[in-house]
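Number of protein chains: 2
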Amino acid sequence: MKTIAIAGATGAVGAQMLECLHEQGIEANIRLLASARSAGKQIEDWTVEELTEDSFKGVDYVLGACENDVTKKWMPWAQKAGCVVVDNSSAFRLDENVPLVVPEINAEDIRKHQGIISNPNCSTIIALMAMHDLHELYNIQDVICTTFQAVSGAGVKGLRDLENQLKDPEATPEAFAHPIAFNVIPQIGSFDENGITSEEWKMQNEGRKILHAPELNVNCTCVRVPVWRSHSESITIRTEKPVDLDALKERLSHSEGVKLQDDPENNVYPMPIDTSNQDLVYVGRLRYDPADPTHRTVSLFCAGDQIRKGAASNAVQILKKLMEMDEQA
Amino acid sequence: MKTIAIAGATGAVGAQMLECLHEQGIEANIRLLASARSAGKQIEDWTVEELTEDSFKGVDYVLGACENDVTKKWMPWAQKAGCVVVDNSSAFRLDENVPLVVPEINAEDIRKHQGIISNPNCSTIIALMAMHDLHELYNIQDVICTTFQAVSGAGVKGLRDLENQLKDPEATPEAFAHPIAFNVIPQIGSFDENGITSEEWKMQNEGRKILHAPELNVNCTCVRVPVWRSHSESITIRTEKPVDLDALKERLSHSEGVKLQDDPENNVYPMPIDTSNQDLVYVGRLRYDPADPTHRTVSLFCAGDQIRKGAASNAVQILKKLMEMDEQA
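Chains as they are written, first to last, in my numbering: chain G, 1 to 329; chain S, 1 to 329.
Simulated from the structure, these hints should not be mistaken for laboratory data. Hints are supplied without guarantee of correctness; some may be wrong.
Said to hold, decoys possible - Under the rule of at most 30 Å between Cα atoms (straight-line distance), these lysine-lysine pairs were calculated in the DSS-like manner:
hint : chain 1 : residue 1 : chain 2 : residue 2
1    : G       : 167       : S       : 167
2    : G       : 320       : G       : 73
3    : G       : 73        : G       : 112
4    : G       : 57        : G       : 41
5    : G       : 241       : G       : 2
6    : G       : 72        : G       : 57
7    : S       : 41        : S       : 80
8    : S       : 73        : S       : 320
9    : G       : 72        : G       : 41
10   : G       : 241       : S       : 241
11   : S       : 167       : G       : 157
12   : G       : 167       : S       : 157
Work out the full structure, taking the sequences as your base and the hints as a guide.
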């Protein structure tokens, strides 16, 4: 039996990864690694171990759920031990030797790995799950996207900010630059000299790599909203070929990992309260842009659980595919 | 001294109109009109009267803050009495004999009135306040907009939905089709056969009339968010002429009714908690779309109080201009 270590097992994504290993039926010896502070903690049948230089001996696969700086520190140790790492941090996503994978879209890229496979940004995964069928059918050229991102995207501190401010509107924010309760904050990540945030660049940079579409343009505005869990996105897309919305809906209704939630007359459309704590990305509000009679511009709204499909579930899906490929090799 | 009646004086917009009359220094005899249910209620020094066929005798100006159906009922009575009406409902906004006015943009249109002047939709006013300088300098052609609309946009029932759901997540929604607490709902208004809502059409239809730009295209996605007050909007704009962002910022920094709130490195950008209970529309996150090297595509984020500048303050500004014009005539 193979051995799988979760690095960062006590965070929201790490804990979700353990659940997803069970759900996806992956049988393996499991080791939970975290900082010295969390060592000794009991999670299900396992005792959390401190992540040290020696942690990866005897480990076959690592699921990485740590911040970038911590990931960069332990990655050489995992590589020295000969592990293959599926990493959720953004540290290696754009490295040309590292596949960046959404299994429903580019599972075959897993085969090119050299020891690391990266899991994409959460908003990127959710948007691409909603858009990749459209891209395959009609070739996406430009995307204009506005996100509605849940507080849990900023981890435990994000949840705590909203909790504290619901009790006391004057409570000092910890995760965000401003209060988030009953507010929206048009900043996620840090700004570059062009006034674009690190989070806003991810969908273009990672989308180009995942879709193998080096010319893809994405203009993104990332906004934090007072929602506990699940990111939503309002997206307008320009394609090379004219879109047939009926054909697209038919395709989406069979698309793996997607739920077509598009019956507006009956108030049916994607919403974060419906997509939380499950793995499907909901897609709806599909419509032509009335300004473009050539039907090369469409709009949609999508939502998905950013801790599950946006992070942990996607990483465990990658791992599962990788283990199947290794078995067949 | 002239006499001004507020029709619908007990609603959120009507009550705000009374406050705005004081704030904008309009001296007049005031009469507060509402349904029989509210008659007899005391507001400041006035007793609310029932709105009947005879209510408008001796009245010079009416501020209308009623629903469409109620407005259509009393409008002939006001016209018979020779009043000039500044109406906040959507009943007459697209009527070719009715000016639709944002005073900072098209105050001169007031002169063309034939007894009714309409106040535009709240999201439309806020977006146009943010965009009209850009339009005058560079000629806007296409707009792609996603809104973040506060619950008070749906009146007292909208506020009550959020209040109730904060106490009890299972509380049945009254104003909205779904729970709004910790959720976002991509529907405001009713859907047409193209999957576009009545609210989403307003910015194009009303924007064309206000800007005198019959070719303007607006693709809008209107979303309700759990914010008490102030609508925010994420907008991407394509122009005919290349934009000079520095020149635009300089212009916006002097634009009447606008506050340039654009210092992202210091976490300064428009947010609904900052724009509530005041009249300025905040504009920020101004940036070029990196996909368009010709600088004919820019994005911005704006926010404004939809009950004040989005409704009551704008209507009272129109009335004030109208009264000045009438005095000079």
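* Index of numbered hints that the structure contradicts, given in increasing order -> Violated hint (a single one): 5; every other hint is consistent with the structure.
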